[in-house]
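Below, each chain spelled out in residue letters.
2 protein chains.
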Amino acid sequence: MRIALDAMGTDLAPSAEVAGAIGALDELEPDIEIVLVGDRDLIEAALAEHPSVPAGRLHVHHAPDRVTAADSPATVLRRKPDSSIVVGLQMVKAGEADAFISAGSTGAVMATSLFTLRRIPGVDRPAIGTLLPTAGSSCLMLDAGANVDCKPQHLVQFARLGQIVAQDLMGRDRPRVALLNIGEEPEKGDELTLETHKLLSRAKGLNFVGNLEGRDIIRGVCDVVVCDGFVGNVLLKFYESVAQFIIGLMRKELQQAGESMDFEELFRVLDYEEYGGAPLLGVGGVCIICHGESSPFAIRNAVAVAARAVRSDMVRHITREISTADPPEEVP
Amino acid sequence: MRIALDAMGTDLAPSAEVAGAIGALDELEPDIEIVLVGDRDLIEAALAEHPSVPAGRLHVHHAPDRVTAADSPATVLRRKPDSSIVVGLQMVKAGEADAFISAGSTGAVMATSLFTLRRIPGVDRPAIGTLLPTAGSSCLMLDAGANVDCKPQHLVQFARLGQIVAQDLMGRDRPRVALLNIGEEPEKGDELTLETHKLLSRAKGLNFVGNLEGRDIIRGVCDVVVCDGFVGNVLLKFYESVAQFIIGLMRKELQQAGESMDFEELFRVLDYEEYGGAPLLGVGGVCIICHGESSPFAIRNAVAVAARAVRSDMVRHITREISTADPPEEVP
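Residue numbers (the working numbering), protein chains in the order written: chain A, 1 to 332; chain B, 1 to 332.
Any given hint might turn out to be false.
Same chains, same label: a pair holds when it works inside one copy or across any pair of copies.
Unchecked claim - Only pairs whose alpha carbons sit at most 25 Å apart, straight line, appear in this in silico DMTMM-like list of lysine to aspartate or glutamate:
1. K188 to D262
2. K188 to D71
3. K151 to E213
4. K204 to D124
5. K151 to E191
6. K204 to E185
7. K151 to E195
8. K198 to E49
9. K204 to D313
It is worth saying that the hints were derived from the structure and are not from the lab.
Given the structure is predicted, the values throughout are model-derived calculations rather than measurements.
Make a model of the complete structure from these sequences and hints.
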């Protein structure tokens, strides 16, 4: 298995990517190879910092163009054809890589994925699925920001995509799918969630467990929670920032007190880096989106997510599932 | 000043209300009187638990009807005319009380407020303003759940209502007003926030500082953040639950380690009870909505919020401000 890893995406590129790739190769299955895509000189300088590099399993593919914040996502394919994002995704398209991982501009990765890997037939809106740590087992939330204005049938499709991820990547049997809402009762919600609840209730082949309130996310009582990309994005960013903030404050206070307590369970729940990356779901290939702030640890975990997606044949699973689902979800 | 306090609202009613009222009278200005509204026998039994009660400043107003979860909010006024919610709000309407506080059904308090206190002329949608603790100073978020489907002009009006609360209740000079969104740039957002950003940018008399992402809420960089009631409600409930969860986990781990560290700053930031209650803004009287889980400490703080709203003449301030704002906010 070959995984193309954008080496130019993180705030600390390419050193975080290089260190993450080496970590992944050390720990994951030996049939995994990684292709670092980006500026060859910079990548090789970063590689030189490491005493040993797994022989024959770590490759470099030169891609000199740089995507910056000034690039409009939709123009990257045309204007930056030799960027790590475009080159990496084209490797997947051409079958030269089995998956692509990037911590670069989410908008650019999404737009370029849509242009190169294309939507899977029947998928209306590809969505970003992100794992939220909870007090119980982790919960996949989608959409985390790919689609800000959604219709009920989009959320139903997110539920189907999420169900597959929960099975293939999270190992959940008969995943519990919930709808993020402002109350538990079916008659609570805004226009979007009221209608979505009706559709989910009668959708076949989904284990829909009803509405989930904001307060219940942390309890970890479902495997998949669907929402529109606006709510999902606000919530995700808020969660991450609160987690970082709390960990920072605790470490500071512990240090001042001369204590070195390890709040193991707490840090586990707050550490979203453990999940590494968020798959872009509904496109014709494995594409994992990471944070710009990803550490080597997060990159290593993103490689693990990509490897699971490839091994489980997730893209084919989605293709099959979407083509057999009740067609347009009987929507008005 | 007389404050009507619904004694039947919390999960531990009326003892949390009675203890909170006594705490408030002990600590707040001596011109404050509290009228406990609810079942007289139950209230008196709860009062009997306290060794001393401030003489002449704590009254009981009998209201035997009980509002339950089975009551549709819109029917409470008609079907439960002798409930604490209806009686308390009618006291405000009749000038027998200067403010009403309730931890009962939010829907019932809102609906009954609209029927009795009425909307302030020019206010399209009364909103719930709730204080979020942050790393900096607290931030007022509205709407926290009164209006789930909003139009851009509603969010502009929330900004005006929030500005007044920030001045009158939070003591902020020239409050910074932000729009909750998925990116900082004006061209980011869904249909609602894109249009709202335009309106806020050209609204007169508002210190609009632009979009605020989910990740920046905790930093405390603005005084007021506006959003629709769906997003606000999900976010608020999520925040509260995360805070409770983290505090619970920390206490458990500290206890197991035999430690007794006090994470003072952390607990302050996470303790939303400090803010007590959320004003319902845009109705013709002071109405403070509390959590069903409110402790005596939260009730005491809600009384303080109510007292500040009365003293600052907040309702008249809103009336004046809304009537002089550019009329229908130049909306399509």
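Outcome of the hint check:
{"no.": "1", "hint": "K188 to D262", "result": "neither (41 Å within a copy, 40 Å between copies)"}
{"no.": "2", "hint": "K188 to D71", "result": "between (41 Å within a copy, 15 Å between copies)"}
{"no.": "3", "hint": "K151 to E213", "result": "both (20 Å within a copy, 23 Å between copies)"}
{"no.": "4", "hint": "K204 to D124", "result": "within (18 Å within a copy, 41 Å between copies)"}
{"no.": "5", "hint": "K151 to E191", "result": "both (10 Å within a copy, 13 Å between copies)"}
{"no.": "6", "hint": "K204 to E185", "result": "within (21 Å within a copy, 41 Å between copies)"}
{"no.": "7", "hint": "K151 to E195", "result": "both (9 Å within a copy, 19 Å between copies)"}
{"no.": "8", "hint": "K198 to E49", "result": "neither (56 Å within a copy, 49 Å between copies)"}
{"no.": "9", "hint": "K204 to D313", "result": "within (23 Å within a copy, 56 Å between copies)"}
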